Amino acid sequence: MDATTHPHGTPETHHPDEHGHEHHELGFIRKYIFSTDHKVIGIQYGISGLLFLFFGFCLMMMMRWQLAYPGQAMPLIGNALNHFFGTGSMPDGKMTPEFYNSLGAMHGTIMIFLGVVPLAFAAFGNFVVPLQIGAPDMTFPKVNAASYWAFVVGGIIMLVSFFVPGGAAKGGWTSYTPLGVIADTGPNFHPFFNGQTLWLLGFIFLITSSLLGAINFITTIIQLRAPGLTWMRLPFFVWAQFVTAFLLLLAFPPLEAAIVMQFMDRVASTSFFMPTGLVVNGAPLQVSGGGSPLLWQHLFWFLGHPEVYVLILPGMGIVAEILANNSRKPLWGYKSLVFAALVLGFLSFVVWAHHMWLTGMGSAVSAFFQTTTLIISIPSVIILSAFFISLWGGSIRFTVPMLFATAFLPMFGIGGLTGIPLAFNSADLYLHDTYYVIAHFHYIVAPGTIFALFAGIYYWFPKASGRMMNEFWGKVHFWPSLICMNVIFLPMFLQGMLGMHRRWYDGGQGWNVSGEHIWGLTGFQWNTPISIAAWVMGLAQIPFIINFFYSIWKGKKVENDNPWDATTLEWTAPSPPGHGNFIKAPVAYRGPYEYSLPRRGKDYTMQNEPIEASELTTAHPAREPVLRA
Amino acid sequence: MEIPYTVSARRDTGLWNAKVGIWLFLASEVMLFGGLFSAYIFLRLDAGPGDWPHGLLNVPVGTMNTAILIASSVTVVLAWAALKMRDLTKYRIYMAITILCGVVFLVVKLAYEWPQKFDHFGAFIKEDALGKYEQYLGNKHLLEKGLPPRKEITGHLHNKQALTDANIKEYEIALDPVYADPTNPVMDRPHFWPKPATDKIASIEKEDVQYANMFLPKHSSYFASYFTITGLHGAHVLGGVLVFCYMMLPASTRIYRHNPEHLANRVEVAGLFWHFVDLVWIFVFPLFYLL
Chain A
13 MDATTHPHGT
23 PETHHPDEHG
33 HEHHELGFIR
43 KYIFSTDHKV
53 IGIQYGISGL
63 LFLFFGFCLM
73 MMMRWQLAYP
83 GQAMPLIGNA
93 LNHFFGTGSM
103 PDGKMTPEFY
113 NSLGAMHGTI
123 MIFLGVVPLA
133 FAAFGNFVVP
143 LQIGAPDMTF
153 PKVNAASYWA
163 FVVGGIIMLV
173 SFFVPGGAAK
183 GGWTSYTPLG
193 VIADTGPNFH
203 PFFNGQTLWL
213 LGFIFLITSS
223 LLGAINFITT
233 IIQLRAPGLT
243 WMRLPFFVWA
253 QFVTAFLLLL
263 AFPPLEAAIV
273 MQFMDRVAST
283 SFFMPTGLVV
293 NGAPLQVSGG
303 GSPLLWQHLF
313 WFLGHPEVYV
323 LILPGMGIVA
333 EILANNSRKP
343 LWGYKSLVFA
353 ALVLGFLSFV
363 VWAHHMWLTG
373 MGSAVSAFFQ
383 TTTLIISIPS
393 VIILSAFFIS
403 LWGGSIRFTV
413 PMLFATAFLP
423 MFGIGGLTGI
433 PLAFNSADLY
443 LHDTYYVIAH
453 FHYIVAPGTI
463 FALFAGIYYW
473 FPKASGRMMN
483 EFWGKVHFWP
493 SLICMNVIFL
503 PMFLQGMLGM
513 HRRWYDGGQG
523 WNVSGEHIWG
533 LTGFQWNTPI
543 SIAAWVMGLA
553 QIPFIINFFY
563 SIWKGKKVEN
573 DNPWDATTLE
583 WTAPSPPGHG
593 NFIKAPVAYR
603 GPYEYSLPRR
613 GKDYTMQNEP
623 IEASELTTAH
633 PAREPVLRA
Chain B
2 MEIPYTVSAR
12 RDTGLWNAKV
22 GIWLFLASEV
32 MLFGGLFSAY
42 IFLRLDAGPG
52 DWPHGLLNVP
62 VGTMNTAILI
72 ASSVTVVLAW
82 AALKMRDLTK
92 YRIYMAITIL
102 CGVVFLVVKL
112 AYEWPQKFDH
122 FGAFIKEDAL
132 GKYEQYLGNK
142 HLLEKGLPPR
152 KEITGHLHNK
162 QALTDANIKE
172 YEIALDPVYA
182 DPTNPVMDRP
192 HFWPKPATDK
202 IASIEKEDVQ
212 YANMFLPKHS
222 SYFASYFTIT
232 GLHGAHVLGG
242 VLVFCYMMLP
252 ASTRIYRHNP
262 EHLANRVEVA
272 GLFWHFVDLV
282 WIFVFPLFYL
292 L
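From first to last, the protein sequence lines are chains A and B. In terms of this note's numbering, the first sequence is residues 13 to 641. In terms of this note's numbering, the second sequence is residues 2 to 292.
Hints were generated in silico from the structure; no laboratory data involved. As the structure is a computational prediction, the values presented were derived from the model and not from experiment. It is possible that some hints are incorrect.
Per the computed footprint, the stretches of chain A lying under chain B, defined by three or more beta-carbons under 8 Å from a beta-carbon of chain B, are [claimed, not checked]: (1) 197–205; (2) 230–244; (3) 444–456; (4) 607–618.
Dumping the calculated SDA-like pairs for lysine to any residue here, alpha-carbon to alpha-carbon at most 20 Å [stated by the list, open to error]: (5) B:Lys219 <-> A:Ser378; (6) B:Lys219 <-> A:Val355; (7) A:Lys596 <-> B:Glu3.
Just so you know, even glycine gets a beta-carbon here, dropped at the ideal spot from N, CA and C.
Build out the structure end to end from the sequences listed, making use of the hints.
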């Protein structure tokens, strides 16, 4: 019988030092900084990702001032920010249009590529996946470390770009050409060290980082699953990461190609994306021409759309784990979930041009992408429905992770359903580039993915640190965040339908006179409550930050290795797991969500608990996969 | 702690780790070069008749480089086979030949082919001035034969200061053979062996020129994609050479002494990468040199 299995289902707490004797002690730098241990790298990714998320959010809080009070000096911190970001960014505390554009472009870039992807994919994937599949580490630990440090270099380049003459990239997070090639050139800019070029350079490192990570994840999941952990016994989170890794692996390289080409356009004056006969500031541009701006958009969105699923799939995986754990019943429709995730991953490669309805690609192309876009909503709906049905009849525990996970469901639902009008090109012609679009995708990534990430942090924190995060302050974090998220994004649908453009710098003073009112406020006046909600949400993150750091050192110690009474393999490892993870390599005997099996005395059965004779004779649907395996 | 399946295969997947990893990596590389090649296709389809240059690269040299790269793909397999037969001396010989091939390829590319292009010049003539240079372009002759027109005059720039000095009003070009004798049917299509240079010099007024430059990436979409793709390909060749060099070092010999299969696996994985680099060249060669 497996030594890590405990007849009464209460594993003891193992101390990480117990098995420290098998390897020589590494120095501080090798152990915590240039570590090759997947858990350390995961935590490094997590903390870096959280810092970047907060920084990206700060950029947005600054933009919200300009939108709510256009042209007015920012009180208290306006002058300080002017000094920090360089004079010319906010003279007298008033934001310049160029600086506003920089903030917008960098908010998008940082949130997606330096915040959510590192956190959702790299941090949770690194920390949780090897533990959940019972592996001692990733297959290529050094490549894993290289991935993190490539990410750091990319991040630093992005941050440094704020402080070069002219400031950070201004061409939007999509860096559409020809603007992306022309922007930040001329006498006031360094030919190489300017915002837009550094943005491209930073991206090359970030893409390299993602590729190394993706290869490592897929290989690890294929090769290092514990004995008995067959594909259909993998936790859904592992499946989600598996599909995500494939998306990164195959969608990022075309963007890398495009980035290299735009880099050449900027540095070597080529014309990959520069059409013939371009006139800038009244003078014809001295380039060979013959390039295609549309080509950039195709290559960009070939990444850009799978990227959306890179952002959401890990979130869905986290939510799946937490829903099953806190509703104390098996995840409903596990197989449908797995296949839906696979179909979602596949289809995400053939929908990209729905970001380009306005480019005049032609009706045949539009019709194709409109069809695929509508088809991709089917697997998404399957996943969300399965999550909702999983709650049905469960005895739900509203722990903090569960609060965030349940909030994810309607938030993601709103985000998804409001995307359907955008999928129809006729409706999108009107809504394109308005705040409606902003509201739509933020519902998916902000109260969607980011809530899932918070859920994951609260849920796996005890595994990483051996201590619990504080429940009360977790709730103080959750409720204001939920309310603020909706106050921020719900009115944006209305603003967008009234025609407010997503890149307007002064909130559209002229547009304000149209005089249409929603609940007593014009579309423009809604900017003020939205901004206030954004700042309040900034405050609402303080309890989380304090709770996070306080709990690392002072939080309540976990009583055993499985504080949530969960079933998956990571909870059989010590908290925190030592180098090599498991005291004894685990063996899986059953599926991932064996909650509330009848006649067992406890409501969860861990994956490494062998099948008992009594189970084989019990007629119960949950027994089925066991008998077959 | 030891990570399993680094050398021996896992039973149910039949693979060791690095083999899975390298195939995934190659899949991403296919997408990377696929993106670049699709850009090539996109730009070329967009180019009007006569806008896409032909016959500007040295085909015999390109053919030689192709042969060198293919030969190195064979020797890397022989190196791997020698390891499998536990013959370290033979392995070293074949590996050295492979490295040598890679280095020769890079030297030919970077020290001969590229600089030769950087020294070459081309001027695209404005649409309404094409008639003025008919003696060099021979477009009437091409029209009769149903061939695409010529819009660019290429050769070696005599007065290089004309590129930067606005006071110089014309370019003086020592013409490439085709423009010295444009109506000769021999010149209708590019040839395998480059024609000998002429000493005929043409003077082209700057105001008739749409766009003129040395054969740099910014010369045209053709050279932009040529230099970008061959540059990236060259970086891959360099990467492969460095990895092969590492496999000749004492550190790798120690791995061999410890477990010969481990080194053989490494060579196999690096060889797969090398074949891929070779394969990319098999696409590059016809797309840029021949078509």
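Hint by hint, here is what the structure shows:
With 0 residues having a beta carbon nearer than 8 Å to a beta carbon of chain B, the segment 197–205 of chain A misses the requirement of three or more and the stated coverage is violated. Judged by the Cβ-Cβ criterion of 8 Å, the segment 230–244 of chain A is covered by chain B as claimed, because 5 of its residues qualify and three suffice. Counting residues of the segment 444–456 of chain A whose CB lies closer than 8 Å to any CB of chain B gives 0, which falls below the minimum of 3, so the coverage claim is violated. Coverage of the segment 607–618 of chain A by chain B is violated [criterion: at least 3 residues with CB-CB distance below 8 Å; count 0].
Between B:Lys219 and A:Ser378, the direct Cα distance comes to roughly 33 Å. Violation of the 20 Å bound is thereby established for this hinted pair. Of the supplied pair hints, the one linking B:Lys219 and A:Val355 is violated, its CA atoms being roughly 42 Å apart against a limit of 20 Å. The straight-line distance between the Cα atoms of A:Lys596 and B:Glu3 is roughly 13 Å, inside the 20 Å bound, and the hint therefore holds.
When the structure is compared with the earlier hints, violations turn up for hints 1, 3, 4, 5, 6 and for no others.
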